[in-house]
Amino acid sequence: MSSDQYRLPTSVVPESYRVDLDLDLDAERFSGEVTISARIEEPCETVVLNGDGIDVSIAELTRPGTEPEKVAVEIHADAERIELRPSASLDPGPIELRIAFSASFNDQLVGAYLSRFTDAEGHTQTLATTQFEATHARKCFPCWDEPAFKATFELSLVVDERHEAVANSAEVGRTSLGDGRMRVSFAPTMVMSTYLVAFVAGPLEITDPVDVDGTPLRIVHVPGKGDLTAFALDCGAFALRYFTDYFDLGYPGDKLDLVAIPDFAFGAMENLGCVTFREVLLLIDPDQATQAELQRAADVINHELAHMWFGDLVTMSWWNGLWLNEAFATFMEMRCTDAHRPDWQRWVDFGLSRSQAFDTDSLAATRPIEYEVVSPEDAEGMFDILTYEKGAAVVRMLEQYLGEDEFRAGIRRYMQENQYGNAETTDLWDAIEAETGEPVRRIMDSWIFQGGFPLVSVTVDGAAVTFSSERMSYLGGDESPDTEWVTPMLFRWQPPGDGDPRTDRVLLEGPVTTTTLDAEPEWLVANAAGSGFFRTSYDPEALDVLAEVSTDELDATERYALVDDTYAALLAGRTSSMAFLNLLEAMSGESDRSVWQRLIGGIRQLDRLVDGEARERLQEVAHDMLAPPLANLGLSPRPDDDDRSRQLRGDLIRALGVTANDPEIQEEAKRLFATARRDPELVDTPLLAASVDVIAAIGNETDFADFESAWRSAATPQEEVRYLYALSDFSDPALQQRVQALILDGDIRSQNAPFLLARSLGSRDGGRATWAFITTEWARLNEMFPTSSIPRMLSGISALDHADLVEATSAFLAENPPTSGAQTVRQVLERQRVQLALREREAERLAAFLVASAP
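Once you know that position 397 of the sequence shown is 397 in my numbering, the rest is easy, because the numbers rise by one and skip nothing.
Please note that a few of the clues may not be correct.
[Stated by the list, open to error] For each label pair, taking beta carbons as the anchor points, the in silico distance ranges come out as:
{"#": "1", "residue 1": "822", "residue 2": "502", "range": "44 to 54 Å"}
{"#": "2", "residue 1": "746", "residue 2": "677", "range": "21 to 31 Å"}
{"#": "3", "residue 1": "777", "residue 2": "55", "range": "25 to 35 Å"}
{"#": "4", "residue 1": "77", "residue 2": "611", "range": "47 to 57 Å"}
{"#": "5", "residue 1": "72", "residue 2": "121", "range": "28 to 38 Å"}
The set of hints was computed from the structure by calculation and includes no laboratory data.
Each residue gets a CB set at the ideal place from its N, CA and C atoms; glycine is no exception.
Work the whole structure out from these sequences, hints included.
Written out as structure tokens, the structure reads:
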């Protein structure tokens, strides 16, 4: 046995697997054999591989020129290992292993598990499916379950002959077994890691293939939903062509199936050739979906297809490199979405998710993007916003600084040098550095291997511009206050006169960097196009100038950053809520949807701080800000509306109906909902989605019953989720108890229930009662939900910003720690303390200001 309890010895290396599985969905078990061709790299006494919850009935080892030998089997359950001990030591050379085994399908949506749905006749149907990342292939068959042990995989599945079955590679044969079952065989895959192996089997339908330059593309789904597949097919075809061109390498699989799974813990999973998704991200009626829902689906499809190259073809050596897989795929998803649908302005919208990464990275409990991964729990902890959103943001920062063509040349070099193999993060930086001549590794090491980011303060003295960098922190107390970054910055400035603004670049090193311009700027924005992962601070006079010219001179990402950075300064105690409110009012002439989302978010956060007369006054202020842009758009869609304008109309209606408590808008929401229930085509979907949220905020028992009925009878996955999640927003405690009963009874899928509770925790009126429910049912919820979803459920406690709740949540979670996501939970608790500090610092004086400013 290896002395490292989490890493397998490298004395034996697999080269190919033949996995034969017999799936018994009724008995909720499966059995099978795996035949592994391996190579002994150095003399050893045993063969050690992974297995978790697998019953091994027989194991044989064959050496060249000998008969198979039965070997002793030792199961090390705690280490998730199977140790095979032959009668004599093994010398270097080839061997073959044959292991027969059986196991139960998992009930935590990992490994090989069952997913259930109700068919058109009301009968419950069952699928067998898989989720192997990070370390769950070992729950399905004995294997070397680490990313560096790449091999080929040849699968065969015994299934009901009435069912369909798909796996990573093309089907090559079907054989009837004469007993109502058949064996479906699949071609060998390319060399790949175990976490990418996948299969799905059961009562499924499959679309006709779309030929994408020689690659057959299909959508696999439960029966009756074929009419919801066109959007995903279009996105998938575009993405295959886009990534083939970007990487200058052909798609590495022999076919591509996108599979919609009714029960799925994550959003999607990049299994080579057999990509699995939540239904809501793959099955869509574009006419009955919001632009946000369409964009989310396109993003996820593009993300997973980017992985076919960056992750599947070139794979991290160990889980510490997971960030690069996910960060780069997140970056590429937005590139692809922006190329496919430029009207959606994807890079502008990126500011929203980047803000969430900023918020986490401003905490003392942040972490480096890449850190040492020892255990499977460490690997699971990497699936967070720092991996995906901060990682993507720093990749985008590097690309924009170097230039898109230069950056892509480095990516292509990296792919060519490492295809079919494993790589480290530094291999990518070295490839880009070789193509560009820029100090890429020095720049990126400062961003990848330490947590946090800088706050860049800007001082202009004539033509001299000084950028001062310090670590951005909400509460202080950082363990490494002297952290420094090599920050690649693009900045825009206006020379005197009528000329166009100029964009320059500078590399910020050390606490202070000064550069001299050709002339004194009329204005300067330090983060051009929002491309850098840092916040900016201007003196009040410079900030006033930027606010004044923002509509005419700054692009939407720069205007967004003005609002977002100022709110971050409020959280950090660097400015006041009154100053932030003044900025919001100064920018009320805004027209971009993403900027309005940030403005609305700021108003909503201030609303949580006040009650009584002050809150009524804030509602009036909000109404005065929100009503004019809605009047400009109109309450009803116009023929010349683009998707973002339609979404903005919905955003404004939602904010007016909820935050501004506008009774006329609330009545309009009720009218729109009633109309849509009669005929959904009569109401623009963004208006309907907004109306649902407005009604939930003020709704009664009748409204709740209407929403529950709409959820259960929904025609599309998007409609189902829309009404289901809105159930969390009803403020009546009795109605929230009904939601909780639906969760405990299993009526709400375990993939969705944690997110409902997170949303309930975040509600102004129901958070306290929801926390009481979670603590009472803690053990049961941990049994019902996938372990990875518990930290997601707890994310809502950051809104419980009263002193007694801050103390209670911290004490409870110290005594009852979740089994995964410990770092994420620490971040949530610190974010809760940030909100408490904001309340204690600002609530009283904001209330006084609002009351005093009443007309």
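Each hint tested on the structure:
1. 822 x 502: 44 to 54 Å: 47 Å, holds
2. 746 x 677: 21 to 31 Å: Given about 27 Å between the Cβ atoms, the range holds.
3. 777 x 55: 25 to 35 Å: Between residue 777 and residue 55, where Cβ atoms are some 33 Å apart, the hint holds.
4. 77 x 611: 47 to 57 Å: 55 Å, holds
5. 72 x 121: 28 to 38 Å: 51 Å, violated
Going down the numbered hints, you'll see the structure goes against just number 5.
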